[in-house]
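Asks: The listed protein sequences correspond, in order, to chains A and B. Under the working numbering, the first residue of the first sequence is numbered 1, with each subsequent residue one higher. Under the working numbering, the first residue of the second sequence is numbered 1001, with each subsequent residue one higher.
Worth flagging that the hints you see were computed from the coordinates, not collected in a lab. One thing to keep in mind: the hints can contain errors.
As the list claims (entries may be wrong) - The calculated label-pair distances, taken between Cβ atoms and stated as ranges, are:
1) B/E1102 to A/G98: 47 to 55 Å
2) B/S1104 to A/R34: 45 to 53 Å
3) B/P1046 to A/R121: 36 to 44 Å
4) A/R121 to B/P1108: 44 to 52 Å
5) A/D126 to B/M1256: 50 to 58 Å
6) A/S44 to B/E1177: 42 to 50 Å
Stated by the list, open to error - If you want the footprint, here are the derived chain B segments under chain A, 3+ residues with CB under 8 Å:
7) 1006-1019
8) 1098-1105
9) 1125-1139
10) 1183-1192
11) 1232-1240
12) 1248-1257
What the hints assert, rightly or not - Heads up, incomplete: computed chain B residues facing chain A, CB under 7 Å, no partners named:
13) P1108
14) G1121
15) A1146
16) P1174
17) M1178
18) M1223
Positions of the beta carbon are idealized from the N, C-alpha and C atoms, including for glycine.
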Amino acid sequence: MPEPIHPLAVSAYTVTSALGHGLDDHRHALHSARSGLRANDFSSAPLACWIGRVEGVEGTALPDAFASWECRNNRLAWLGLNQDGFVDRVRAARESYGASRIALVLGTSTASIGATEEAYRRLDADGRMPADLRRPAIHAPHSLVAFVAEALGLEGPALTLSTACSSSAKVFASAERMIRLGLVDAAVVGGVDTLCDSVLFGFNALELVSPEPCRPFDRRRCGISIGEAAGFALLERADAHPSAPRLLGYGESSDAHHMSTPHPEGLGAELALRDALARAGLDAAQVDYINLHGTASLKNDEVEAALVARAFPASTRASSTKAFTGHTLGAAGILEAAFALLAIEHGLVPGNLGCSDPDPACGPQFAWYNEHRRIDVALSNSFGFGGNNACLAFGRVVA
Amino acid sequence: MSPLQVYVGGVGLWSPQLANFAALRAWLAGSPMPSPAARPPAATLPANERRRAPESVLLAVEVAGQAVAMSGRQASELACVFSSAHGDQAITDYMCETLAREPSGLSPTRFHNSVHNAPAGYWTIATGCHAPSAAVCGGQLAIVGAGLLEAAMQALADQRAVLLVCSDIAGAGPLGEMTDSTQAFGCALVLTPHPGPRSLARLNLTLAPKQAPTSSTSSPIPMAWHDANATAKAALPLLLLLAGHGTHYNLATADMLGLDIHWESAA
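Given the sequences, and given the hints that come with them, work out the whole structure.
Replies: Listed below in structure tokens is the structure:
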């Protein structure tokens, strides 16, 4: 088991998803149990499903200086960066530490592949990409990080993590290591993934997409609803921000089982959980809330419900928020980290929207409706293709 | 910042010209070099997986298997970091072409093989590895430096051995014009926080301003090998260090940041 880490301050954070732009929109939607899902009006060909589409991405132009980065994913990144005063918080950190002393670690599963898809729909007479899309940097998985580094003026280590749906959870682990080893003094972490044909038709080909809004942990659930989101957090040493919420720990593991289905006994998920608790120096009984991966796929929910039932007491509350936002894939880690942080900050356990008839595997830990209670420690689970698991632990500073 | 020190316990290498690290050393010593197989053998994969796996996975698994074998360590015990500038470009080309023509005809297998962490997934499944696995990407010039930094961080922060795999395959279709990849190249290192009986070298790593890349004309190996793809360009000078050519290399690790690498004998 790993050694406990020194907690880090989450000195600023923000998210943008189908629920709205910035933290207030998310908090209000959770309070009123309002889903952001809508009937699919995005894919280039019809596909009967529901999606979590962010309002206003099309109208968000990048400033002229960043025109070469133009694409839906980077527009969503820009929209997300400009909420909750996040850019100003990063500017202040840059002025205090220096641009090369701040790392940038972002997760994404498909980056700006939507632009590559568009180029293939508009090939010219010679079979080449159209001139306006002949921009190599947006056809690479690093497009998001390269753009955000430029937009925030950061000159430190810059890393893309792309482990499918655990991507933007693992960024916290990478950033913590860099800060602990003294490579940097702070890190901007987060993730952005946007709707695109690749994921809509890809998950559909795997028969994992639900024709109705997703119903996490419902006995009759029939697959995921895909969404898009952007989220960012600023991590600094705890002494710089004595009262900011804390990153207490993280755990990472591999299932070693199958490319697209989870380990049937949740072996990897449990290893990530135990690892996160050990790094945080916590017992399972000290966990007040778990934001579950809870995609509404048959296997994920079955395995995850069993893990919660065997690892936690009834006093721990658990829910999936995927029916609010859809599964935002590589951005799910940061989006749901924000839900965990909001739970701590506002004492709100979001109810597990979309479930009317719980799967019998679900234990008494499940919060089917909103609950108002003090949350000192909250976890967030993120599991991805390839059996890639991450668990994050956040907490408040207890005087 | 005092230098980060990691030890190299094993090296893997595969390109259409070089079957392994020994072939590079032989070539540098002026010996004749056997031609590698037409595709990476990837013997670590079970036969049925080897038939199904895409080229990006075969390449990554081949070099990973070589490095782990040389290190004498158990693959299942190693955390792993897989870096690639473009992932499986052949699959991306297939997906974008199919989506433009007949989106509902997309192959489910090719879709799940398209994730950037497909090599990490196949590798951990084949070796029964439950340790953390990451798939990362950096800027074109920084692709190897970003992966090396992440792997070294893991080795030092968690005091464990880490497998680093850096690989890219050739570009395909209209995407190929954007990725500047003309042929496959992969390499792998096993990094440890402490020296072991099989350690080849100690690397002292320090963040420093990025230097302009030195001209590959001064390299003892053919320009065409360097120019194969982004990973080859950044990794070959590092492999030359490990083969005993030179003692210092400034490897880009981000847009403006370099990683100063000083090589020392492990003894």
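Asks: None of the hints should be skipped; say for each whether it holds.
Replies: Do the hints match the structure? See the list:
no.: 1; hint: B/E1102 to A/G98: 47 to 55 Å; verdict: 52 Å, holds
no.: 2; hint: B/S1104 to A/R34: 45 to 53 Å; verdict: 32 Å, violated
no.: 3; hint: B/P1046 to A/R121: 36 to 44 Å; verdict: 38 Å, holds
no.: 4; hint: A/R121 to B/P1108: 44 to 52 Å; verdict: 22 Å, violated
no.: 5; hint: A/D126 to B/M1256: 50 to 58 Å; verdict: 36 Å, violated
no.: 6; hint: A/S44 to B/E1177: 42 to 50 Å; verdict: 22 Å, violated
no.: 7; hint: 1006-1019; verdict: violated (count 0)
no.: 8; hint: 1098-1105; verdict: holds (count 4)
no.: 9; hint: 1125-1139; verdict: holds (count 14)
no.: 10; hint: 1183-1192; verdict: violated (count 0)
no.: 11; hint: 1232-1240; verdict: violated (count 0)
no.: 12; hint: 1248-1257; verdict: holds (count 5)
no.: 13; hint: P1108; verdict: 4 Å, holds
no.: 14; hint: G1121; verdict: 3 Å, holds
no.: 15; hint: A1146; verdict: 5 Å, holds
no.: 16; hint: P1174; verdict: 5 Å, holds
no.: 17; hint: M1178; verdict: 4 Å, holds
no.: 18; hint: M1223; verdict: 21 Å, violated
Violation of the numbered hints given earlier is confined to hints 2, 4, 5, 6, 7, 10, 11, 18; the remaining hints are satisfied by the structure.
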